[in-house]
Amino acid sequence: MLFTNTGRGCGDAPRWVLLLLLLTGGALLTHPNRAAEPVEMRQLLAEISAEALQQNPYLGQGRVAELRAEHDGLPDGPSQRRWALDIELAREELRLGNNETAIELYLEAYTMMGQLGEAVPADEAHVTTFELALAYMRQAENLNCALNHTSESCILPIRGGGVHRLPESSRAAARYLTEVVQRTPRDSLLFLRARWLLNITSMTLGLYPDGIPEPYRIAPRVFESDEPFPRFSDVAPQLGLNSFDLAGGAIVEDFDGDGLLDVLVSTNDPSGAMHYYRNTGDGHFAERTEAAGLVGFVGGLNMTSADYDNDGDADVLVLRGGWWRADGRHPNSLLRNDGHGHFHDVTFEAGLGEQHYPTQTAAWADYDNDGRLDLYIGNEHDQDSPAPSQLFHNEGDGTFRDVTRRAGVANLRYTKGVAWGDYDGDRFPDLYVSNMGGLNRLYRNNGDGTFTDVAGKLGVTRPVAGFASWFWDYDNDGVLDLFVASYGGVNLPPDVATVAASFEGRPHGAELDHLYHGDGQGGFQEVSRQQNLVRVTLPMGANFGDLDNDGWLDFYLGTGYPQYEALMPNVMYRNRGDGRGFADVTTNGGFGHLQKGHGVVFADLDNDGDQDVFEQLGGQYPGDGFGNVLFENPGFDNHWIKLVFVGTRSNRAGIGVRVRIDILEDGRPRSIYRTVGGTGSFGVNPRRLEIGLGRAERIERLEVYWPSSGRRQQFDGVAVGQLLEIREDADTPRTLPLPVIVLAR
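Counting in my numbering, the sequence shown runs from 29 upward without gaps.
Rather than coming from a laboratory, the hints here were simulated on the basis of the structure. Treat each hint with caution, since some may be false.
Mimicking EDC-like on lysine to aspartate or glutamate, the simulated pairs with C-alpha atoms at most 16 Å apart in a straight line are [stated by the list, open to error]:
1) LYS670 - ASP636
2) LYS670 - GLU554
3) LYS485 - GLU532
4) LYS485 - ASP547
5) LYS485 - GLU554
6) LYS670 - ASP690
7) LYS670 - ASP282
8) LYS670 - GLU725
9) LYS670 - GLU731
A quick note: this is a predicted structure, and the numbers were derived from the prediction, not measured.
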């Protein structure tokens, strides 16, 4: 085994999370809950932004000022203190994006190592050399991927337009990475990191694979896809969708009721704006953030959307403070949509602003089948910063009531993903909570307003470093399955070294993503290896959809972790169908973006019948921003149907409605199953169902089940290639217009 683990408490944040805060200079700031004060949300967020600029461990500048003052006061000449301070200050400058200053400091430290001789331990010298190489890599990325961006920039394996036009910084990085791999043990973490990054750097120079000495070369076959797949091109820059931000969330939805899908993105930067892009219907997207009333609603690592007030439009919940523990006691924002794509903050009046806990995940469902959507927010709890998760019951008058204690769902763990799904088919949605550093929970809905954790009984407590999660029916057997992403391992933080090891089939010590197959009897079986999910991926943002319209659900994983070394491909898996597992189509499809992936959305933005893939990209540090991507689907010539639901007794959007579609494909009958509102926990798909039908010429039977009311509907002989509205109180569906859009070039 390559990796040594260190202990951590089961119910608290992982120790590596706490260590990360310390390494980034994090003095924990206690931000009191101020919801009782009649303060306007924008004002409160502005105050938080000002505090974060100085004190936030990821974003603040306070630590840099302290280090600069001490550095300037040191006498000239080599000394161990000056060497150590050079490195510490260089790390902070690099975090803030001051690449040239960081390189100067690292070079001074590198030169000083030769002058200090044996006073600098060899392993520390190798780390310094590695970090110097990283600083050059960051400079190369900024000069090429950001300032000279092409549709192939940062797509692994890097080639064509992704090769750097300004190569000097990459050459320097390659030189220092080569030094590291030549001087470190081959089974060390540092060697694996440096070797992986050396191969990537060589790609940016057009020297891969032959330009890398054989002992350090990663074979090209490692990056090959499992099967042929057409390439998707990034068209976000042409469409004006590539706002340059840090990590954030993404929602694709028709916010203004014109039948066209719009895009909303957020950023974790407490000073960073949301961006609302309205689909103009002529192949363009126009930024309408100010017109939407969203100016001043800064920050937000993630978002969710739901029609919480049953008025027919999608409202938005912005989630803040994730990863930051006590520094992340920021208010969430509930933004009520007026139906025309204009939003009003109603957080405090709705009863959602009484406590400010760090979070990045929440999900909506009508857990008591009263026709109103309720809300569960998964907060990041640890002993030093208590943050129970919260269940809010929708009172039907625009307000919510905290029923966490009565329901028994406080969790009291470091939550990173939540998902609702009726896994046992009793009409009442159950709740899965994915935790980091503690066992996951599956809260079975008892139907009386209370829940029972049955995760241990059903064997769905892993992975212990859980992240993104969702319920879905990946094998179309009519029973919900469960996907839970892994973000490391037992006492093992995320590390690009584990990714590199798993790509080459070497031991790595990390837990794999978990796929639990529902057995139809209320139980689950873990089947990730049987379904060919055998690589370490380290997902953050993640979601699912049907790329090729074959009726089988595929999924995309946005990968990474905060440190700059975390350059690893985002990963796309195609569902082969009929239980044949998943195929990695990352390389052939052009999905292997190296930037840190967060909000992921599958949506047909141009109404041509196939799903495109939108992804919000960016890291946690001020120097690690990036633009969004939109991978345009080239088309697969399969058939499809789109369905919109209108509840009358159930919630207006039909969240939780179950759909079965029976088709004949090549003379063989099969069924396709979907649940309305099914989406990943980091990125929000549209409410309308977009369902691939393969080569079926028509739908033999379309069955709809409304769990809240118990109503069943059946429609026979439905034509393909259309958008249908299905009302709970109607006997026939209604065809809605669906104008095809030619995206701008």
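Which of the numbered hints above does this structure break? 2 and 3
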